[in-house]
Amino acid sequence: MSTPIKLVYFAWLRERVGMGEEVAHLPDSLSTVADVLAWQQSRGEAYAHAFEHLPIIRVALDQTHAHHDEPLGTPAEIAFFPPMTGG
Amino acid sequence: MSTPIKLVYFAWLRERVGMGEEVAHLPDSLSTVADVLAWQQSRGEAYAHAFEHLPIIRVALDQTHAHHDEPLGTPAEIAFFPPMTGG
Amino acid sequence: MTTPTIRVQAEDFDLAAETKILTQGRHDVGAVASFIGLCRGEGDTLNALELEHYPGMAQKQIGTAANAACARWPVDGLTVIHRYGKLYPGDQIVMVVATSRHRDAAFDAARFVMDYLKTDAPFWKKEHRKDGQEANWVDARDSDDAARKRWE
Amino acid sequence: MTTPTIRVQAEDFDLAAETKILTQGRHDVGAVASFIGLCRGEGDTLNALELEHYPGMAQKQIGTAANAACARWPVDGLTVIHRYGKLYPGDQIVMVVATSRHRDAAFDAARFVMDYLKTDAPFWKKEHRKDGQEANWVDARDSDDAARKRWE
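Residue numbers (our numbering), protein chains in the order written: chain P, 1 to 87; chain X, 1 to 87; chain C, 1 to 152; chain Y, 1 to 152.
Calculated directly from the structure, the hints in this document are not laboratory data. There could be a bad hint or two in this list.
Claimed, not checked - Once the Cα atoms are required to be at most 27 Å apart in a straight line, the calculated DSSO-like pairs of lysine-lysine come out as:
#, chain 1, residue 1, chain 2, residue 2
1, Y, K149, C, K20
2, C, K86, Y, K20
3, C, K130, P, K6
4, X, K6, Y, K149
5, C, K149, C, K60
6, C, K86, C, K130
7, Y, K60, C, K20
8, C, K149, Y, K149
9, C, K126, P, K6
10, X, K6, Y, K60
11, Y, K126, X, K6
12, C, K20, Y, K130
13, Y, K60, Y, K125
14, C, K20, Y, K20
15, Y, K20, C, K130
Source: prediction; values computed, not measured.
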């Protein structure tokens, strides 16, 4: 089993998943950001709803923006959120 | 003889002419802004010095910028000044 | 290179006080460009705006934009403050102030930081309406992506 | 169309107070862009700056630029103040504040007014030096003409 990773959620992703953060063991088979997103979709109804429209979901690995096609690496924290609307 | 016109000077043009304003009778023959500038050059040493470098001298007719090739019209006030350096 | 000041906070801010910190006691600054973003009432339909942020990363992303501005233009001082939490119509949300010898650098740096912050800093706005309708998350604007791209 | 406020005065100004006049009691303003021009010390060589102006025409030219900005962008409020007389290093010379729903209009309007004012408003600066050398009139900068041209 892999090292546990902290997963954090913001805005409507947080609301749909039903929590702001969790600690999870990711399958060893996940090698890209896209793999992680596909895995999230498979984790039940709430996750499937939250991760329904993948193209609009942004991911940050250890607080750095990452494209879906980037390798996952070994982050301690993965964040999932919609496009940002600050300023 | 023509109507008297108020002539005003600013910055180093004012200093070279030796006064901030004067009232003068312009010759009837002057028909463009350039004509007025040439006339100023002919009015003695102080004016010749002030109006030495015509291309850098700006003119305003009744407080509106005028190019040297514009017709003089019948302004009540003509202003002469160097390029502006405000702001 | 100038080290920008970045703050992510719930409290209000004071542009005049922040400007004074950047200009006081130095006479090489000729230009101060600043920007304040305010919470709009949306035609009196908005009760409040809830600003969620990603602590740590919000500060980091604003810092990245601010450092890039200081590297790109001759900026003498740069301060960026972004609030989070519940804000009401008329409230201040964000401010940027940039100082420089000349105005072009100050204007460019302030605007650059605002454009990058809009698309790259992890903040999200939720609108609570006066009519009691369900609160909604504000959609990102395509024009903000376009604004960011003009600096590339 | 918005009617800008223009003042040409010897007295100092207060950007925060002028901003408050434009934003107070209205919740449709989302963006406030502002600029302040300060008197630089020129490496501690400047004693004072003397700002001469053409009364009447100075006000008129700033008004022309400000009205053009209000016609070109959706500006909600615009205030421009330019001082004249004797100013010292660190003193405020000029301010522009523009408000709008969105930031692009506010930034563009403020910068446009500054660029036009630099080349078209009848003000002249004379530098009085600390070393007692003869005072000199500041030369116009080519970069100011270029800045104005970018709006054409």
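Worksheet item: Is K6/X within 27 Å of K60/Y, Cα to Cα?
Response: 19 Å, holds
Item to complete: For the pair supplied as a hint, K6/X and K149/Y, confirm whether the alpha-carbon distance does not exceed 27 Å.
Response: Status violated; Cα separation ~32 Å.
Discussion item. Holds or violated: K126/C and K6/P, Cα atoms, limit 27 Å.
Written reply: Distance ~25 Å between K126/C and K6/P Cα, so the pair holds.
Worksheet item: Taken at face value, is the distance from the CA of K130/C to the CA of K86/C at most 27 Å?
Response: Holds - the C-alpha atoms of K130/C and K86/C are around 14 Å apart, at most 27 Å.
Worksheet item: Straight-line Cα separation of K20/C and K20/Y no greater than 27 Å?
Response: 18 Å, holds
Discussion item. Against the 27 Å threshold, does the CA-CA distance of K130/C and K6/P hold or violate the hint?
Written reply: 37 Å, violated
Discussion item. Please verify whether K126/Y and K6/X have alpha carbons no more than 27 Å apart.
Written reply: 25 Å, holds
Fill in: Proposed proximity, K20/Y with K86/C (alpha carbon, max 27 Å)
22 Å, holds
Worksheet item: Do the alpha carbons of K20/C and K130/Y lie within 27 Å of each other, as the hint requires?
Response: Holds, at about 25 Å.
Worksheet entry | Satisfaction of hint between K20/C and K60/Y, Cα-Cα up to 27 Å | 31 Å, violated
Item to complete: Given the hint that K60/Y pairs with K125/Y, test it: the Cα-Cα distance must not exceed 27 Å.
Response: Holds: K60/Y and K125/Y sit about 19 Å apart, inside 27 Å.
Worksheet item: Regarding the pair K149/C and K149/Y, is the alpha-carbon distance no greater than 27 Å?
Response: Roughly 23 Å separates the two Cα atoms, so the pair holds.
The structure is inconsistent with the numbered hints 1, 3, 4, 7, although it conforms to all the rest.
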